[in-house]
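Student: Residue numbers (the numbering used here), protein chains in the order written: chain A, 1 to 200; chain B, 1 to 379.
What the hints contain is simulated information worked out from the structure, not anything from laboratory work.
Some hints here could point you the wrong way.
[Said to hold, decoys possible] With a Cα cut of at most 30 angstroms, we get these calculated DSS-like pairs of lysine-lysine:
id : chain 1 : residue 1 : chain 2 : residue 2
1  : A       : Lys-23    : A       : Lys-41
2  : B       : Lys-120   : B       : Lys-100
3  : B       : Lys-186   : A       : Lys-2
4  : B       : Lys-228   : B       : Lys-239
5  : A       : Lys-23    : A       : Lys-2
6  : A       : Lys-23    : B       : Lys-120
7  : A       : Lys-23    : B       : Lys-239
8  : A       : Lys-2     : B       : Lys-195
9  : A       : Lys-74    : A       : Lys-41
10 : B       : Lys-228   : B       : Lys-186
11 : A       : Lys-74    : A       : Lys-23
12 : A       : Lys-66    : A       : Lys-23
[Stated by the list, open to error] If you anchor each label on the Cβ, the simulated ranges turn out as follows:
id : chain 1 : residue 1 : chain 2 : residue 2 : range
13 : A       : Leu-71    : B       : Ala-205   : 38 to 44 angstroms
14 : A       : Glu-37    : B       : His-164   : 19 to 25 angstroms
15 : B       : Ala-205   : A       : Met-196   : 45 to 51 angstroms
16 : A       : His-136   : B       : Asp-185   : 43 to 49 angstroms
17 : B       : Pro-291   : A       : Val-90    : 36 to 42 angstroms
18 : B       : Asp-185   : A       : Glu-37    : 31 to 37 angstroms
19 : B       : Glu-321   : A       : Thr-47    : 38 to 44 angstroms
20 : A       : Lys-74    : B       : Asp-185   : 45 to 51 angstroms
21 : A       : Thr-4     : B       : Leu-269   : 37 to 43 angstroms
22 : A       : Thr-4     : B       : His-164   : 23 to 29 angstroms
The beta carbon of each residue, even a glycine, is placed where N, CA and C say it ideally should be.
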Amino acid sequence: MKGTIYIVDDDDAVRDSLCFLLKTVNLDPTTFTSGDEFLEKYDEEMTGCVLLDIRMPGTSGIEVQKKLQQLNCKLPIIFITGHGDVPMAVEAMQSGAFDFIQKPFRDQELLDRIFQALEAHEADEEEANHQRDIQHRYVSLTPREKEVMEFVVKGAANKVIAIDLGVSQRTVEIHRARVMEKMEARSLAELVRMSMLLEQ
Amino acid sequence: MTSAENPTDKSTIRFDQLDSLMNAMVDAFIVIDARGLIERFNNAAEEMFGYSSDEITGQNIELLMGGRDSGNHDRYLDNYQKTGKKKVIGIGREVIARRKDGSEFPADIAVGEVSSGGQKRFIGLVRDLTDLRAAQTQSFRQRQEMLNTSRLSTMGEMAAAMAHELNQPLSAIANYSAASLRLLDKEDPDIESVKEALQQINNQAHRASEVIRRTRDFTRATDTRREKTSVQDIVAEVKPLAELDAHANNIALLIDIPANLAPIEVDSLQIQQVLLNLLRNGVDAMRDVDPAYREIRLSARYTAPGEVSIVVRDQGQGISEEVAEQLFNPFFTTKNTGMGMGLAICRTIAEAHNGSLEFRRNPERGVSFALTLPTQATS
């Protein structure tokens, strides 16, 4: 499993013990002593997940979550909460946190959540990459090819496209082949899926 | 020609007007003669008491009286006519009134006296106080609850802070020990790492006990407000809220506090808190028991010279051996919504007052909690 576990907790013992535990299962943790420190060091290239203490002096866990969202951060966040923090945790979940776990927790419980978060993040990343690729391919189309693609994904026959665009059917066929090639689509169905992704 | 037959006659018009005025009144309007027999009964009265004017006219006014006034009105009238002493006439007072269906309600009555043609009559205005009383009870309840929450919240906050403080070292211990187990499960365990973790576990255990020591110091430090008071006074403070709580759950609250107990020197709020807590627990324990058993008894007695016990006795589902062992432990609870701090704090308060809090099972059913406190020498 790739990615780093970013542990953000103000309590030295909790933070260090988490780090210690994660290392024994060959995860790659790094630690931050406050929300502010994490926000300061945060950059878009980070991958993995965040273990975020909900109750911290200075910027609270919830505030860190909000600021990360403003930065368009896609790292899944697992909140670590105490006994009375459940309402806060619910709020965090509603704001899109991946999960929360109550202190003190069983190690396996935490590890399961971390692995799930990493998996989810990887899947997200893949999808985001895929979307970016398609975007790149689409940009490389000529204006006429884009026009043709629009007709094609609506299911229009070549003959109809030819009449609508005022070109020969043969020309449409050539454009169509170029679109399939540039978009790296192996079938019409795949091209339709791609056009749906582009619309998102 | 009699006056009643002449529509232009002054007195007839007045009489008609009086009738419609009477019926327009919001309050019940009742006229009785000197013997207490009803002569007039307006619309509002019909609605309030459930009798029609026709059926009640000529009946004794006592029919409408509930509580301890019923059966005594003849005597009241007698008394007044003999002594001329007014108990209610021109003064008004609150009474219990009775409807036709036998149900009773609080009412405010104002009585006036008229004499005409050598005949004495009494005019009564009756106002139903049910809604007013309900509103008062409601606001009283809210006030008490607010008071109670503010008291509880200090303890609640303390408990929450303590929970948070304890959670930190416990989490660290859980993490280090879990990691150690994983390390030792490996083929070639890294003993040095395990040793390091054990050292940390040791440190964190000491940190946790430090938290507990500090909390104890804190409860001791807050025990400075002591005042001389009586068990009766404390119980009187607790009674309204405890009654609301009990009655809301169909539980009878019996209070039996002898008047001659020696004074005690305590933090009244804290002792009230303990009693409320014990009473609440009692109520909770009886929520699901047969209605016949739903009774809480709050009593006090000397258990030794210079020592008084306030006992809260319920007839609830009782406490199992297993639960009894942990009953006073912090964070132990059998309730779905509880911190498990109630009895732990209660006992701490008792001990801070050089007293004790013990429980025993009743021979028949339920349990009793006894808060024992030293009394002051009466001087």
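Student: Confirm or reject each hint.
Tutor: Do the hints match the structure? See the list:
1. Restraint check: the Cα-Cα separation between Lys-23/A and Lys-41/A comes to about 21 angstroms, which is no more than 30 angstroms; the hinted pair holds.
2. A C-alpha spacing of about 27 angstroms is found between Lys-120/B and Lys-100/B, which places the hinted pair at or below 30 angstroms, so the restraint holds.
3. At roughly 22 angstroms between alpha-carbon atoms, Lys-186/B and Lys-2/A fall within 30 angstroms of each other, so this suggested pair holds.
4. At most 30 angstroms may separate the alpha-carbon atoms for a hinted pair to count; Lys-228/B and Lys-239/B meet this at roughly 19 angstroms.
5. Taking the CA atoms of Lys-23/A and Lys-2/A, the gap is near 14 angstroms; set against the 30 angstroms cutoff, the hint holds.
6. Taking the CA atoms of Lys-23/A and Lys-120/B, the gap is about 101 angstroms. The hint is violated against a cut of 30 angstroms.
7. Between the alpha carbons of Lys-23/A and Lys-239/B the distance comes to roughly 59 angstroms, so the proposed pair goes past 30 angstroms and is violated.
8. With a C-alpha separation of about 29 angstroms, the suggested pairing of Lys-2/A with Lys-195/B holds against the 30 angstroms cut-off.
9. Distance hint between Lys-74/A and Lys-41/A is fulfilled; the C-alpha atoms sit about 16 angstroms from each other, no more than 30 angstroms.
10. Among the hinted pairs, Lys-228/B with Lys-186/B is inconsistent with the structure: their alpha-carbon atoms are about 66 angstroms apart, more than 30 angstroms.
11. For the hint pairing Lys-74/A with Lys-23/A, the CA-to-CA distance comes to about 24 angstroms; that is within 30 angstroms, so the pair holds.
12. Taking the CA atoms of Lys-66/A and Lys-23/A, the gap is about 29 angstroms. The hint holds against a cut of 30 angstroms.
13. Leu-71/A and Ala-205/B have their C-beta atoms about 40 angstroms apart, which keeps the hinted 38 to 44 angstroms range intact.
14. Between Glu-37/A and His-164/B the beta carbons are some 21 angstroms apart, a value that agrees with the proposed interval 19 to 25 angstroms.
15. Take Ala-205/B and Met-196/A: their Cβ atoms lie about 58 angstroms apart, and the range 45 to 51 angstroms is violated.
16. At roughly 47 angstroms, the beta carbons of His-136/A and Asp-185/B sit within the given window of 43 to 49 angstroms.
17. A beta carbon spacing of about 38 angstroms between Pro-291/B and Val-90/A agrees with the range 36 to 42 angstroms that was offered as a hint.
18. Roughly 34 angstroms separates the CB atoms of Asp-185/B and Glu-37/A, a value that falls within the hinted 31 to 37 angstroms.
19. Between Glu-321/B and Thr-47/A the beta carbon distance is about 55 angstroms. The supplied range of 38 to 44 angstroms is therefore violated.
20. Taking the beta carbon of each, Lys-74/A and Asp-185/B are about 35 angstroms apart, not inside 45 to 51 angstroms as hinted.
21. Checked against the given bound of 37 to 43 angstroms, the beta carbons of Thr-4/A and Leu-269/B, roughly 52 angstroms apart, lie outside it.
22. At about 28 angstroms, the CB distance of Thr-4/A to His-164/B agrees with the hint of 23 to 29 angstroms.
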